[in-house]
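Novice: With chain A's structure known, arrange chain B on it following the hints.
Number of protein chains: 2
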Amino acid sequence: MTSVVTRRETPPIGPVVGMVGAGQLARMTQQAAIALGIDLRVLANSFDESAARVIADTRLGDYRDLDVLRAFAEGCDAITFDHEHVPTGHIEALTAEGVAVRPGAEALVHAQDKAVMRERLTAMGVPCPAWARVSGREDLEAFGKEHGWPVVLKAVRGGYDGRGVWVCSSPEEAAEVLDSGTELMAEAFVPFERELAVLVARSPHGQGVSYPVVETVQQDGICVEVIAPAPGLDPEDAAQAQHIALKIANGLGVTGLLAVEMFQLPGGKVVVNELAMRPHNSGHWTIEGSRTSQFEQHLRAVLDLPLGSPAPVAPVVVMVNVLGGADPGVFGRYEHVMAHDPGVKIHFYGKEVRPGRKIGHVTAFGTDLDEVRARARHAAVHLATGEYV
Amino acid sequence: MTSVVTRRETPPIGPVVGMVGAGQLARMTQQAAIALGIDLRVLANSFDESAARVIADTRLGDYRDLDVLRAFAEGCDAITFDHEHVPTGHIEALTAEGVAVRPGAEALVHAQDKAVMRERLTAMGVPCPAWARVSGREDLEAFGKEHGWPVVLKAVRGGYDGRGVWVCSSPEEAAEVLDSGTELMAEAFVPFERELAVLVARSPHGQGVSYPVVETVQQDGICVEVIAPAPGLDPEDAAQAQHIALKIANGLGVTGLLAVEMFQLPGGKVVVNELAMRPHNSGHWTIEGSRTSQFEQHLRAVLDLPLGSPAPVAPVVVMVNVLGGADPGVFGRYEHVMAHDPGVKIHFYGKEVRPGRKIGHVTAFGTDLDEVRARARHAAVHLATGEYV
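Line by line, the protein sequences are chains A and B.
Residue 319 in full-length UniProt numbering sits at position 319 of the first sequence, with consecutive numbering throughout.
Residue 229 in full-length UniProt numbering sits at position 229 of the second sequence, with consecutive numbering throughout.
Bear in mind the hints are in silico, worked out from the structure with no lab data behind them.
Where hints are given, some of them may not hold.
A few chain B positions that, by computed beta-carbon distances, are all more than 12 Å from chain A [as the list claims (entries may be wrong)]:
id, residue
1, 37
2, 168
3, 176
Computed spacing ranges between beta-carbons, pair by pair [to be verified]:
id, chain 1, residue 1, chain 2, residue 2, range
4, A, 370, B, 157, 52 to 58 Å
5, B, 48, A, 265, 52 to 58 Å
6, B, 267, A, 367, 35 to 41 Å
On a predicted model such as this, the values are computed, not experimentally measured, just so you know.
Note that beta-carbon positions come from the ideal geometry of N, C-alpha and C, so glycine has one too.
Chain A extracted, bound-state conformation (with noise of 0.2 Å):
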């Protein structure tokens, strides 16, 4: 008979990283892992999570739980993140006890609080747009004074995918969030005509690798589209791009990757908007578009091995999210989008579908950015929705 599905440990063959997190992002780390016999052990919530179910080494825990973490790191090589939500105490803690997180908890610290973050940057000179902490009505009203309105009011800690930002055209519309006693800081509204993000990848050697830049599009401050490389960018601007990203990394000491999402102005500048230290949703196209994933530079980068060739396969190249629709029923349209293009890639998180949850991605390549990006969009569109767009 078979066994039931009960696993006793198995010694390890190869170097051991555990990820912090069971999502999307530790999910596609394993298609990484598995290629370098990396042995990749998440912690969890559930077995049920996007990347517990495709990874055997699954541990259930409680990541704001320091004990929790001290187990979970015992026999690895290296510790890193899916997410930014674990305690910046608790990583000072493990480092202190000789665990190698990576990104370690001073440079982690920047993704984590975006006060903290724009008061680096703004040190280093990296351009920033204009920014406060606030802490009342008061405090915004001087600020929308000075920078003018709108303002972006922003949760200092545990916002992403455009939750904990809010736009408000006065303070009156602030008015519930100030009062909710989340910790706030405010930005001045970038009229900005794209973004743009750099990927990243810093060794704890110090080498360090960009990705081309890319123009990414969101709605509903949700990733939906990423072009890479970013359309028409002019080679000055995208060299300028890829300084300050790398600037960015080496000064906060950032080990793995670093995705900086970016404004681009009328004229070509840009100033920063966000920071994520780990895989990205702007990196995906890169796992059959580029020769080396992100999510094998984020473990060669953890694991201090020398960092791969970030080159393009192909000219153009179009990621689209796939975002939860009404019907749940995904795979039953795998037969059109795959009929349709044999081309395009797939990628299914295994999570279960909602409306407007991030649930897949589609990629595609070519030569003309109109037919790439209307190939991807297609794809993504009927898996979401099951019509032909």
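Specialist: Frame of chain A; chain B shown alone:
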């Protein structure tokens, strides 16, 4: 506290494919399953096996036991194979009970029984070496007299990677094998120029796709190098080889992948050597070298989904196997290989290193054959031995 790694069954989100066997082919299939949101389940002998290390839904059991196969198949949308050793009768029994086994017994027997394969291909008019069943010294002498020496003796069932194949210059050399009780056949020795392989996929609905013809280099019966596409191959000869492979897939009713190993004769024509009905060493280059990896293609085919584009992503792709050397410290040698060549892709199968064992492969890409081949060989040799070639 973290739980121990005891996993309860998680209800699947997507289709479930069960793969019998947990070697490196199942391991690499998991990379493709992760992308497509397919739940891959494997039947392993132990949790130490290559695929068992990286697949959450690993079941232990003996594939020679029909009850084990029945329990394994429960809840699977399709059953397929990492190897060709499952008894034909068991596959027939499962099929009769309504399990979608792909390939089915009628097709698979041609990859399990070389004499059945030769009878069928000969009847289909597919070019093969002269061959005959032999049951003793007299048969062999008669065959050698008619077709010349050396004669290639083959075990009708169970051989792979050069095992079960003996090149004999005289009946005396074959004495031990002839006396062993193994069911044997003889084939004329083919004075080939080189070896080629054609990988095709066929779906239950009959869609067929052929990858480009590749050149394979064998040492001691083990595939050590694959060049895609086969250099200098006349387009008509290439088309003919692809036509033969697709004809076989259709004629035998293959569902899933079919690898057709061929000898190319002086003058360009081919004769068929061996068949495999699963992902194959000659197709590992497709993981990064083709728009659709052979592992994704196999999953699509066994689930009767439309097949993916087999287009290569670079003019020259070379795959070189990593065979275990005397020093098992492969990971310590990542450092040189990755620093030396940021574009080479390393695959390590999570298997214990033993001399001569296939433990991984590397893939390189480019435009110049000599340069790409040198890069792939350098990486593979260094990983295996620590030497610089």
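Novice: Taking the hints in turn, state whether each one holds.
Specialist: Verification of the supplied hints:
| no. | hint | verdict |
| --- | --- | --- |
| 1 | 37 | 3 Å, violated |
| 2 | 168 | 39 Å, holds |
| 3 | 176 | 37 Å, holds |
| 4 | A:370 - B:157: 52 to 58 Å | 55 Å, holds |
| 5 | B:48 - A:265: 52 to 58 Å | 56 Å, holds |
| 6 | B:267 - A:367: 35 to 41 Å | 38 Å, holds |
Of the numbered hints given earlier, the model fails hint 1 alone.
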